[in-house]
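**Q** In case you want the letters, here they are:
Number of protein chains: 2
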Amino acid sequence: MLIRERLVEGFETGVVASAGLLAHGRGESFDYLLGEKTTSNALKAMKAAAALLLTARQPVISVNGNAAALAARDMVKLAKEINAKIEVNLFHRSLQREVAIANLLQEAGADEVRGVGEASSAEIPEVASERRRVDPKGILAADAVLVPLEDGDRTQALVKMHKKVIAIDLNPLSRTAQSATVTIVDNIVRAMPTLTKIAKKLRTEHKKKLRKLASSFDNKKNLSEAIKMINKRLATLAAKGTYLTILEESEI
Amino acid sequence: MLIRERLVEGFETGVVASAGLLAHGRGESFDYLLGEKTTSNALKAMKAAAALLLTARQPVISVNGNAAALAARDMVKLAKEINAKIEVNLFHRSLQREVAIANLLQEAGADEVRGVGEASSAEIPEVASERRRVDPKGILAADAVLVPLEDGDRTQALVKMHKKVIAIDLNPLSRTAQSATVTIVDNIVRAMPTLTKIAKKLRTEHKKKLRKLASSFDNKKNLSEAIKMINKRLATLAAKGTYLTILEESEI
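Those protein sequence lines, which keep their order, are chains A and B.
Oh and the first sequence: position 118 is 1562 in the numbering used here, straight run, nothing missing.
Oh and the second sequence: position 13 is 1457 in the numbering used here, straight run, nothing missing.
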């Protein structure tokens, strides 16, 4: 419930868009099907993600309204751990929201936030929404981009530009999940601190070992396993004839 | 997309609560897993639901913000077909929202809307939220209640009061779904017009036949089949290694 409150607060302060509330609801359903916990499957993806970020020349964390509302502090911590830049990138772009998000990130300890206003002067090809606008000193120059809660369009475009994309997405069937280099099927609130811990631990490893760890990861296979886990859980629940209480409070 | 717009408009006009946007998002995920279509499973439940409503002494349709924003016209049509009352019933109760919803229903052609303000003077036991407040001439007197998009608490309480409860819920595992007498696992936007058509068709049947149709329906079994359908679809999609585009536009 605390997560939901953070999001609604973010909505009230102009950080989260109304579409962001809908998107969060969609995520909640998948989280519920996953059992609201970080699976071994997600941990495997996190290891590959950490290895990828630690061996990148210029990693960037792309932040939208929901990510900022839910995990601003965690994103700043991870950025410091992996020496990454932070860039604001919105679907429903407005200077007001960009500034609100940048403020939230700075309050959370970020030294620099890219992508706000005129800084987003570059465009990535084949993306229709305002999300195509990126910072030439941020995402455009990056070789690895962490995109928590991203849209499929942009993930595909970034992959086409030969960037490594790490997605955090609760829906293993989404285009984002299926297009990314590494997909962490987990709730951002649980995934970010764990990913940071893993990055801290792997930081001292040889780059060669990390590169091998990243390149040996099979994202399609891992996603397929995530779907199987949901399936198994659904079958067990159906057999028990029990209900799940997590999503009970529709509150509508 | 049109559905989403209707909901966001409802939010902007004070009909839908912010929690309603989250709840709708949760529903979208389940709808996506169902393939965004009315299944044979849902049709089976609709037949039992129509039979139940047509043989009820006093059926009532319970309306919340989301239901009003998405299907006001359809609910009025069904109410006329089955001779049911319409009652506003909210989790986040406020006179302002009640009036906004009642206005929407009246614009959609409702002759009378129960449950607004002081009319909700009765309470149903064991429900903590403001949803326990009901209209003594509406839900309290009803023997059958149609609760589209309802919370589990109240569904259970109504069933305990020996009322027949018909739920429309996209999540077959929810407490609402598992507690109701008949659960239609479908999107309210698709379910309401179809349910109305079925009611129109069954209206001329003998009451005895309708009673048999209603009593022979096994809700637990039907829900278990709905879960199996989702499972089968997930397995097929995972095997294909394809992504689903429906939920792509996270727009956050």
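You may find that some hints are simply not true.
Since the list gives no way to pick one copy over another, a pair counts as held whenever it fits inside one copy or between any two copies.
[Claimed, not checked] SDA-like mimics (lysine to any residue), calculated; alpha carbons at most 20 Å apart, straight line:
| id | residue 1 | residue 2 |
| --- | --- | --- |
| 1 | K1644 | G1561 |
| 2 | K1684 | M1673 |
| 3 | K1672 | Q1550 |
| 4 | K1665 | A1683 |
| 5 | K1665 | R1677 |
If you're looking for bench data, these hints aren't it; they were derived computationally from the structure.
Since the structure is predicted, the reported quantities are computational estimates derived from the model, not experimental observations.
**Q** All the hints need checking, so say for each whether the structure fits it.
**A** Status of each hint after checking the structure:
| no. | hint | in the structure |
| --- | --- | --- |
| 1 | K1644 with G1561 | neither (32 Å within a copy, 57 Å between copies) |
| 2 | K1684 with M1673 | both (17 Å within a copy, 17 Å between copies) |
| 3 | K1672 with Q1550 | neither (40 Å within a copy, 47 Å between copies) |
| 4 | K1665 with A1683 | between (27 Å within a copy, 10 Å between copies) |
| 5 | K1665 with R1677 | both (19 Å within a copy, 18 Å between copies) |
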